[in-house]
Structures are given as C-alpha cells and as structure tokens.
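Asks: If you read the sequences in order, they're chains C and D.
Position one of the first sequence corresponds to residue 1 (this note's numbering), numbered consecutively onward.
Position one of the second sequence corresponds to residue 113 (this note's numbering), numbered consecutively onward.
Source of the hints: derived by calculation from the structure; they are not laboratory data.
One should not assume that every hint holds.
Taking CB as the label site, the calculated pair distances span [claimed, not checked]:
id	chain 1	residue 1	chain 2	residue 2	range
1	C	Ser18	D	Glu166	15 to 25 Å
2	C	Glu5	D	Arg221	22 to 32 Å
3	C	Tyr31	D	Leu151	20 to 30 Å
4	C	Ala109	D	Ala192	33 to 43 Å
5	D	Asn183	C	Gln111	40 to 50 Å
6	C	Lys42	D	Ser207	40 to 50 Å
7	C	Ser7	D	Ser207	24 to 34 Å
8	C	Val13	D	Asn189	35 to 45 Å
9	C	Glu56	D	Arg134	36 to 46 Å
10	C	Gly95	D	Thr132	46 to 56 Å
We treat Cβ as the ideally placed atom computed from N, Cα and C, and that holds for glycine.
Here's the letter readout for the chains.
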Amino acid sequence: ILNVEQSPQSLHVQEGDSTNFTCSFPSSNFYALHWYRWETAKSPEALFVMTLNGDEKKKGRISATLNTKEGYSYLYIKGSQPEDSATYLCAPMEGATNKLIFGTGTLLAVQP
Amino acid sequence: ETGVTQSPTHLIKTRGQQVTLRCSSQSGHNTVSWYQQALGQGPQFIFQYYREEENGRGNFPPRFSGLQFPNYSSELNVNALELDDSALYLCASSSQGVWYGYTFGSGTRLTVV
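Just chain C, same shape as in the assembly (with noise of 0.2 Å):
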C-alpha cells in the first residue's frame, strides 16, 4: 500500500511568482507517476505521465521531474497566472492493478 504526501497542503501567491510542490511515496512497486489539475466545480485534468527516473515533462509555465529511487516528484510552475488558480494532485500508479494512488493534494490560489 502506497503512501503520498503532498506538500504543501496550500499555497497563495501573487501573480509572476514562480512555485514548486513535492509529491512524496514509496518507491518500492512504482510503475508510473501522474499529475493532476483541478480546477473547482470541473474534472480533474491530466498534466503529465512520468515513468522513468529522472524524467522531466513540461507544458508551457508547467514542468515535473520524477526521481523513482528516492520517490518523489516536483511540479513547477513558472510565472504563477491566475487561471492556475487549483488543487494539484499526484498520484503514483500501482504496477500490478494500474490503480492511482491520489495525495490529498496542494491548492494554489494565485492573487492577480
């Protein structure tokens, strides 16, 4: 059984700053490692999939590295805008059941 930890629970910024969060599990039966946003009142969304150590990913402000021998992840956002106002959540898939493990996740409210 997995345990993530997410850090930190919340976060407010003003608009421009840059941010990172970390994403912690155990790193003993990783398969994959998923990012999520969450804006309110909508569905969660996908950031990115990341399997192999050492991985980066980035989309646009958005990056992610993965580091799975000491299990955990950082997702960046460069220049903090409003609309990146959500709850970002991780979560490590299981190998053998391809189940998502979600953190509690980290709400970032950006001020304009």
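Based on these hints, arrange chain D on the given structure of chain C.
Replies: What follows is chain D alone, placed relative to chain C:
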C-alpha cells in the same frame, strides 16, 4: 471526443437505501475506474473495469459493486448506504496504455442522510 459524463451530478439518499451512479466513457477508451473522494482527502480507488471485467479493486466492502457495458459505459452501485458513503464519486476512463493519463468526469456528489 465528448469526454467523460457522469450522472446525476447531485444525489441525496437515506441511510440503508441503494444508489446507482452512471458514467459514459470517452470515445475509444475501454477502461473505466471509479474513485471516492471524501471531504479533505484525495480520491480513493474503488475498482477498475477493462472490457466488462473487473480487473482491480481497492479497499471497499462488497456492497460497492460495478458494471461495465459493451459500449464501455459503467455503473457504480452502492447497497445499504451508510453516512460515511457521503462523498464525491469520480469516474475516469482510459485506454489500457498508461502513458496518457486518465480522463475524469466532474463527479457525482452523494449525500447520505
């Protein structure tokens, strides 16, 4: 692509009753998963269906059951509702490859009173 559609969006039930939640998968996706998000927690895996067969189950009692139909739509059934079943229920569809992420619906908010 129409995305994942869930119905109903909100539901109030009485303890002991039974409920059925529905999910229409994204076109081309043959795998559907159900998640429960209780207040203050991340989504918890309930079960997954692939081509109409359950192929993974989380730590939920047997009164949580499901179906996947030939068109890959799905139902989640919960019998003998308890107050703790009050939560947001999310459906997610995917193709069996794991590289592209899951497409989630916006969920059904179930309140048990």
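Asks: When you take the CB atoms of Glu5/C and Arg221/D, is the distance between them in 22 to 32 Å?
Replies: holds, 26 Å
Asks: Does the Cβ-Cβ separation between Ala109/C and Ala192/D fall within 33 to 43 Å?
Replies: This hint holds: roughly 39 Å between Cβ atoms.
Asks: Taking 24 to 34 Å as the stated bounds, is the beta-carbon spacing between Ser7/C and Ser207/D within them?
Replies: Holds, at about 32 Å.
Asks: Given the range 36 to 46 Å, decide if the beta-carbon distance of Glu56/C to Arg134/D lies inside it.
Replies: The hint (36 to 46 Å, Cβ to Cβ) holds, given that Glu56/C and Arg134/D are roughly 39 Å apart.
Asks: 40 to 50 Å was suggested as the range; check whether the CB atoms of Lys42/C and Ser207/D agree with it.
Replies: At 22 Å between Cβs, range violated.
Asks: Evaluate the given range 35 to 45 Å for the C-beta pair formed by Val13/C and Asn189/D.
Replies: At roughly 43 Å between Cβ atoms, Asn189/D and Val13/C fall inside 35 to 45 Å, so the hint holds.
Asks: Assuming the hint says 20 to 30 Å, is it satisfied by the Cβ distance from Tyr31/C to Leu151/D or not?
Replies: Holds: the Cβ-Cβ distance is about 29 Å, inside 20 to 30 Å.
Asks: Within 15 to 25 Å or not, the Cβ separation of Ser18/C and Glu166/D?
Replies: violated, 43 Å
Asks: Is it true that the C-beta distance of Asn183/D to Gln111/C lies inside 40 to 50 Å, as the hint says?
Replies: Given a distance of about 45 Å, which is inside 40 to 50 Å, the answer is holds.
Asks: Take the C-beta atom of Gly95/C and the C-beta atom of Thr132/D, compute their distance, and say whether it sits inside 46 to 56 Å.
Replies: The hinted range 46 to 56 Å is violated for Gly95/C and Thr132/D, with Cβ atoms some 32 Å apart.
This entry does not satisfy hints 1, 6, 10, going by the numbered hints stated previously.
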